[in-house]
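S.K.: These are the residues of each chain, in order.
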Amino acid sequence: MLARIQVPAQAKRGEIITIRIAIQHPMETGYRPDHFGRRIPRNVIHTLVVRFAGAEVFRADMGSGVSANPFLQFHVRAEAGGEFTFDWVDDTGAKGSERATLNVV
Amino acid sequence: MRALCMLLLWPLLLAAQTPAPRSGLEFASADVRALQADDFANPGMLWVARGEKLWNTPAGRSATSCAGCHREAPVSMKGVAARYPRFDREAGAVLNLEARIKRCRESRQQAEALPHESEDLLALTAYVAHQSRGQSLVPAKDVASVAARERGREQYFRRQGQMNLACMHCHDRLAGRKLLSDTISEGHGNGYPAYRLEWQALGSLQRRLRACFTGVRAEAPAFGAPELIELELYLVQRAGPLRVETPAVRR
Amino acid sequence: MMLMIPRRRFLLACTALAAAPLISRAQGDPRRQALLREITGGPLPSAGRVLVDTPPLADNGHSVPLRVVIDSPMTAAERVRRITILAERNPRPIVASYVLGPLCARAEISTRIRLADIQEVIAVAEFSDGSWWMGGTRVIVTELACLEDG
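Chains as they are written, first to last, in the working numbering: chain A, 1 to 105; chain B, 1 to 251; chain C, 1 to 150.
These aren't lab readings, by the way, just hints derived from the structure by calculation.
Everything numeric in this text was worked out from a predicted model, so none of it was measured.
Heads up, some of the hints might be wrong.
[Unchecked claim] Chain A is nowhere near these chain B residues, computed Cβ spacing over 12 Å in every case: (1) Ser23; (2) Asp38; (3) Arg50; (4) Ala59; (5) Cys104.
[Said to hold, decoys possible] Just so you have them, the derived chain B footprint on chain A, three or more residues with Cβ under 8 Å: (6) 17–24; (7) 65–72.
Backbone N, C-alpha and C define an ideal beta-carbon position, used for all residues, glycine too.
Work the whole structure out from these sequences, hints included.
M.R.: Right, here's the structure in full:
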């Protein structure tokens with residue numbers, strides 16, 4: 001699953017940084033018919049977890065009400081340098097992950 | 001004297017009567033414009049990112065990537081999309097950008113054909129077209145394109161379908177007016193492949209054109225059909241100096 | 001004293017107050033109450049402190065930009081733990097839920113959601129002191145004239 005992550009490469013200690021995530025995914029609602037009139041089964045990214053140095057920073061539990069190609073933005077305080085990891089999973093069990101390193105000066 | 005003045009000013013008056021073409025972006029809401037302006041939030045950029053990966057991935061029996069021949073896309077592909085559709089000597093036909101990429105994929109990379117509207121073809125097309133963002137469209141000047149464009153122009157002004165409407169009826173005469181809550185645009189293709197909120201995905205100009213055929217209750221030509229290429233050719237000329245916006249966001 | 005409150009928080013408090021009547025009027029609605037209790041696990045949230053920012057007129061129900069901003073200093077002692085988005089007229093009314101860990105510096109998230117109909121979008125926030133607050137805004141979803149399938 002293709003995703004784009006935006007984390008500043010560098011921040012001052014104590015600075016508030018913005019984290020943005022965009023994932024290419026149809027977020028199938030389960031209500032759409034295909035060309036033969038059959039329902040396309042629901043398939044959404046139901047869980048996304050963001051960790052910093054192994055500890056959970058942010059978690060999203062999502063349903064079919066989240067738009068296709070989900071986008072998320074939130075704010076984190078930069079206390080120390082380290083690695084953010086992003087892990088998500090959809091209804092078919094397909095998983096995706098990304099990582100980004102933050103340097104604190 | 002007055003008559004002479006009028007005569008001298010006539011070309012100026014004519015020029016004033018043909019307003020500059022306006023991109024679909026100008027007819028979009030502030031929310032859609034904001035989404036297109038933000039290169040991270042713009043969901044079309046996901047396809048551009050996917051296209052960049054594909055560009056650098058070897059494929060087919062040649063085991064060559066696009067980059068293997070064309071090197072850095074930001075250099076080699078700059079301005080290319082703005083010149084399509086155009087005549088391709090090897091193919092012996094006028095090709096749009098998608099068709100050109102498909103051809104390269106099949107004949108050079110010797111890879112499996114990319115179907116029309118497939119995620120990979122859209123991604124590669126979006127990535128290549130994105131390298132021309134900000135460049136003005138350039139209508140093809142070769143003989144075959146000029147002839148094909150004339151057929152496209154004729155089609156643009158021809159009534160079609162059960163609603164008996166030509167493209168011109170909405171996109172020339174009624175641009176800027178409302179159709180339910182939609183604002184009718186001038187129908188320029190300079191943002192394609194574009195991310196449409198309606199589609200919840202990126203799609204080609206041909207997909208959009210085919211939807212217009214269905215809209216006037218006419219039979220939509222198949223993807224890649226000459227009628228669609230001809231229409232695309234005319235649309236480029238009609239859009240004049242508008243700049244490539246790929247990946248645009250539309251409602 | 002007024003000057004001691006950061007401008008951002010003051011403005012937030014004002015907007016949240018302005019939105020409160022809409023929310024509290026509909027709080028008697030039994031379906032809404034049931035959904036709110038499902039989110040909180042019992043108590044009904046108080047109206048206020050939560051600002052839901054969307055365009056009043058959405059271009060397309062497939063993708064409505066949404067920002068939730070909550071009045072909280074986000075210190076270790078006093079913070080928002082969880083934000084849940086509710087769209088009652090959607091086939092699945094609970095849209096998403098966000099857990100804000102200790103590093104989250106602002107009680108704020110932005111995303112894009114689907115809305116099946118004209119409705120009030122509600123955000124419910126759980127605070128670290130165990131209190132629940134909510135806010136909402138009405139969104140008009142407009143229809144397209146030219147659809148791909150005619």
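S.K.: With reference to the structure, classify each hint as holding or not holding.
M.R.: Hints and how they fare:
1. Ser23: holds, 23 Å
2. Asp38: Asp38/B not clear of chain A: closest Cβ-Cβ about 9 Å, inside 12 Å.
3. Arg50: violated, 5 Å
4. Ala59: At roughly 17 Å from the nearest Cβ of chain A, Ala59/B sits farther out than 12 Å, so the non-interface label holds.
5. Cys104: The claim holds: Cys104/B sits with its nearest Cβ about 22 Å from chain A, beyond 12 Å.
6. 17–24: holds (count 4)
7. 65–72: With 4 residues close enough to chain B, the hint holds.
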